[in-house]
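Participant: So you can see what is in the structure, the chains are spelled out below.
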Amino acid sequence: MNTNEEMQLIEAVREFAENNLNDPEYLEKFSPEMWKKIADFGLLGITVDEKYGGLGESYHTAAAVFENLGYSCKNNGFVFVVNNHIWVSQNLIYLYGSEKLKDKYLCDMTAGKRIGAICITEAESGSDALSMVTKAEKTDDGYILNGSKAFISNGPIADIFIVFARTGEENNKSFTAFVVEKDFPGVKIGADIEKMGLGSCPTSEIVFDNCIIPKENVLGRYNFGSLIMTMALEWERCFEFVPHIGAMRRVMERCIEHVRSRKQFGRPIGDYQAVSHKIADMKVGIEMSRAMLYRIVDLKDNMKTAFIDTSIFKLYVSEAYIKTCRDAMQIFGGYGYTKEYDIERELRDALACSIYSGTNEMQKNTIYNFTTNGESL
Amino acid sequence: MIKIVVCLKMVPGKLINAEAGGLIINPYDLFVLEKLAELKKSSDISVIGICMGGESARDGLIRSKALVCDDIYWLNDIKFAQADTIATTKTLTAAIKKYIPDADAVICGGHAIDGETGQVPAELSEKLGITYFSSVADIESFGNDSAVIVRRDERQEMTVRCRYPFLLSVDSFLTYASNLNVIALKRAQKWEYKIISAEELGIASTDCGASGSKTKVINSVNIIYKKESIEIGGSIKEKADHVKKLLQQ
Ligand SMILES: Cc1cc2nc3c(=O)[nH]c(=O)nc-3n(C[C@H](O)[C@H](O)[C@H](O)COP(=O)(O)OP(=O)(O)OC[C@H]3O[C@@H](n4cnc5c(N)ncnc54)[C@H](O)[C@@H]3O)c2cc1C
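These protein sequence lines are chains A and B, in that order. If you're matching positions, the first sequence starts at 1 in the working numbering and goes up one per residue. If you're matching positions, the second sequence starts at 1001 in the working numbering and goes up one per residue.
Heads up, some of the hints might be wrong.
What the hints assert, rightly or not - Straight line, CA to CA, 20 Å or less: simulated SDA-like cross-link-like pairs of lysine to any residue:
id, chain 1, residue 1, chain 2, residue 2
1, B, K1190, A, S58
2, A, K36, B, S1178
3, B, K1014, A, R14
4, A, K339, B, G1234
5, A, K102, A, R221
6, A, K29, A, E11
7, B, K1040, A, D40
8, B, K1041, B, D1145
9, B, K1194, A, E5
10, B, K1014, A, M7
11, A, K36, B, K1041
12, B, K1003, B, D1138
13, A, K195, A, F30
As the list claims (entries may be wrong) - Here chain A is said to cover these stretches of chain B; the calculated rule only asks that three of the stretch's residues, wherever they fall, bring their Cβ under 8 Å from a Cβ of chain A:
id, segment
14, 1176–1190
15, 1233–1243
If you are wondering where the hints come from, they were derived from the structure by calculation, not from laboratory data. Everything numeric in this text was worked out from a predicted model, so none of it was measured. All residues carry an ideal CB built from backbone N, CA and C; glycine is no exception.
Just chain B, same shape as in the assembly:
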């Protein structure tokens, strides 16, 4: 059985839907989960989620479990809070080394939409000492000793066979997972999530959270670009004609 670790981050739902409250699975991570749920139907893989986050991550973890995860390690300790990319990487590395040292593949979403830098995947591969594949657009299959992935950048698309162990940074995203099923959701609600503290993980508090971070966010403001807007009324046809006229202009 191929053992796959998925790094999961929960991000504010309002970044996707202005009316949504709470946290949702980062859309890049959701793509990975959905892909793995598809591939799990035909390949012998086990999927282990790993998430650093507080209590508000619970709903997202339940969904991750319902979608595909066989097991989840939830790094939930106030000491992990306010971690920069380095502290996050150290924490995730410690968890993977301690709990899933025999992982064949580690998969991360390429970005977290709440303003992360996209650095964690590369740093993590470095710390784990495994091959790093960036710009992954798709995962095609998992074989016994390697997996087939598709990498895509502005210039080309490559289908690549990668030998285990490796780390993928996936640049595709989803906002809706069609493999979610309410029976699995219900089971996932009843599942007992393993909560792992800094102490249990055996990581020094100077290596994680705010104290382990080299950078500190002093201030953050949302920049909203205000554009002039006009309201288009009338029937759908009138609206379409209006839009067509504007495009022609």
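If we strip away everything but chain A, and leave its shape as in the complex, we get:
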């Protein structure tokens, strides 16, 4: 159940998104104007304290709002930009950063003046993230960072990167998270990588070539990077997937409209169970995802960990989202395969979600390990 205040926010967000974020010209490329609009609208600091220009909302409210952003903004790539900025960049500084870091970055980030990104993956370390070779060496004044990160969403447009690097040889205790500005000496931003979907979210490689990082830009504590990474992934596996529930709703509604109006053999195609069951599956996917989501945000609002819950959520939502878009294409038949109907874009955008935030196979590994270690949810 949403409160009246949440409903007002939701309505405002839906109206805003419908009127400002659906410009067809920017479905496949990033729009700085749209970014400015969402920043002016005040949504970027949704859970951040008012002191830093945020709204100070609960995670429950943020979940309700972001589901609706995903519903009303059909530009899935743009929503991905917003999510990367908020949940795995700004939010990490807000929750785990020192007062100095918060003062330095948060107001600019909630105001959208600086865009954030997260850098974990490398060319040779994807699922096995802890095999990363990007390295930071301590100096008298700070650190020198060397290495390169791959597939960085928001890379070409970001001003602030949360970078994970090896800071010692001992495996799990030898990583540190840093806040790196794009203008620090030695940061090189690669060109936008063309992807099959999410075109409006630019992606690139980021290279650190003797990059100088001041001492105070350690996020959390030195050598506590793997803990920060675990927490970052928890946030990512929850909130990056919230708008997908809204996107599923949007796609399902289009399907419902189509199965009612499209007639074959003299009847609306929705009369055929092979078609209508696909919509029933979509509805089940949406409702199950929501049920899991609100269980997670309740944990987060009570400052509890939800690592395994978010793994299950990520796995379930991404499978349901991809199936929804795949089924939508089948329901629309030949029309669905055309660019004009925009279902193919929804499917292209959706497909990435079984890969990012840790592949679905890796989620199953995590869930299996957790379950067989005898721990219960």
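Assemble the complex: chain A is given as a structure, and chain B with the ligand must be docked to it using the hints.
Facilitator: Below, chain B with the ligand alone, put in the same frame as chain A:
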């Protein structure tokens, strides 16, 4: 600082969107709020909303506050209910005279889309004894002693400088306000709205609400003009071709 009063009415949302429930800001009033929000960025104005309505007006008032209002007077009393234009005018006049006697400008939407007559602005200007400008299409600026507005009718468009105090009846409307911001919305949710009863306002019950009304609506029916319809199917191109053919016919 120029003091501007905006008269706000909440109307059923379903008049704009068949699926919407509850009340929304009358689209003509929304245009005024949006315009004032724009002008407030560059001019020294304070905006005071005044609304006669029950509890269901709250959401709309929160939005009005978030958009631009510095203050809001909410005339909320069962005694104000079922007012015709005369009773409404008397109530609004009493509130403006009591709470904002030094208003430089009063601005009303030209109509309320839930079937009001469009008479309140003119009546209100008469009761307040200030100059009335009807058919206002736009408000350009607020200066120290006057404002510049655009009036438009079927024949002409006039840019007019009007000296304070005056009342505008605005004939432009909006269904979406782009100046709404969620930070302001949140502040507006927490704001304490002043609720004013008939007693507090000092208006006799024979001057407001149903008892103060000269007219009574005995019955009201929605007239739905049913037109023959056809369903156009196919691709967007096929649909467009079909529409083109129909237009040519
Ligand atoms: C759209 C998009 C945006 C991204 N954004 C970012 C970003 O902003 N920041 C960032 O750091 N990274 C980002 N990534 C990278 C993403 O996190 C990695 O792609 C992902 O973790 C997988 O790594 P990989 O691509 O190297 O695949 P690999 O790890 O090489 O995996 C290849 C296949 O092998 C399987 N596999 C590997 N190991 C195992 C195992 N032990 N058990 C079972 N199966 C296994 C995988 O499941 C997969 O199917 C993004 C990726 C995409 C697609």
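Participant: Taking the earlier hints as the rules, which of them does this structure contradict?
Facilitator: 6
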